[in-house]
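Residue numbers (the working numbering), protein chains in the order written: chain A, 5 to 126; chain W, 149 to 247.
Misleading hints may appear alongside valid ones.
To be verified - Stretches of chain A that chain W covers, calculated by requiring three or more beta carbons in the stretch to come under 8 angstroms of a beta carbon on chain W:
id, segment
1, 30-42
2, 92-98
3, 104-117
Claimed, not checked - DEER-style ranges, computed between Cβ atoms:
id, chain 1, residue 1, chain 2, residue 2, range
4, A, Ser66, W, Ala165, 21 to 31 angstroms
5, W, Ile238, A, Asp111, 25 to 35 angstroms
6, A, Asn60, W, Asn201, 26 to 36 angstroms
7, W, Leu189, A, Asp111, 43 to 53 angstroms
To be clear, the hints were calculated from the coordinates, so they are not data collected in a lab.
We put the beta carbon where it would ideally sit given N, CA and C, even for glycine.
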Amino acid sequence: MNNIRKSILIVCRKSPYGTSLAREAIDIALAAAAFDQPLSLLFAGDGVYQLKKEQNSEAIASKNHGKVLTALPLYGIDTLYVEDSALRLRGLATEDLLLPVQTLDGDSIKDLMASHQILINV
Amino acid sequence: MILHTVNKSPFSHSTLADCVALCADSDSVLLLEDGVYGAQLACEIISLVSAGNGVRFFALAADVDARGLRTKLHSAVTLIDDREFVALSISHNSVQSWF
Chain A
5 MNNIRKSILI VCRKSPYGTS LAREAIDIAL AAAAFDQPLS LLFAGDGVYQ LKKEQNSEAI
65 ASKNHGKVLT ALPLYGIDTL YVEDSALRLR GLATEDLLLP VQTLDGDSIK DLMASHQILI
125 NV
Chain W
149 MILHTVNKSP FSHSTLADCV ALCADSDSVL LLEDGVYGAQ LACEIISLVS AGNGVRFFAL
209 AADVDARGLR TKLHSAVTLI DDREFVALSI SHNSVQSWF
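Whenever a hint applies, use it, and build me the whole structure from the sequences.
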């Protein structure tokens, strides 16, 4: 067994509710964090909608994805990255999001991806 | 007079753009599931179409609320519930599903 821990970047690009992919990406993050793996999360494209405030999914009988995301800090996942251009294209600002995030431009995202050893793009 | 339903985000798919390109003035478009992201003020497609002709836009309220979009809606979009969805389906000659 080797103990070398590889850093993981999960790129969340799917909107919540339409498919189960957004939820599954977060499940990967929570599982990895539970095993103390170094982990970063980047929300890009329609994935930024996962962080939208005021989600109320009762009427479509789905689990509230926003509430699932609020578990991230409890698992020690404190730094959430967001693609700045994706936010602006969708008429959103960081005030519309339910957790504090760090916005990144395209060059910074390239650096972020290059600085991780394992990339999971969902 | 056709009711078109669209269930994909206009930011990730061309479904809504493809749909409105083939909409007659008397047609209606119902946005549902991830399609409700098209009901946002930030979606340019709806601004262009609603300014230009008589196409009416609707969105399912349950899907809008699930995604926290109620305060971001375009004024051209009317929110409806499932009963009104049924009524729309009946009042149009046919229903076409874009997905």
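Query - Structure versus earlier hints - violations, ascending order - result: Hints 1, 3, 5, 7 contradicted; others consistent.
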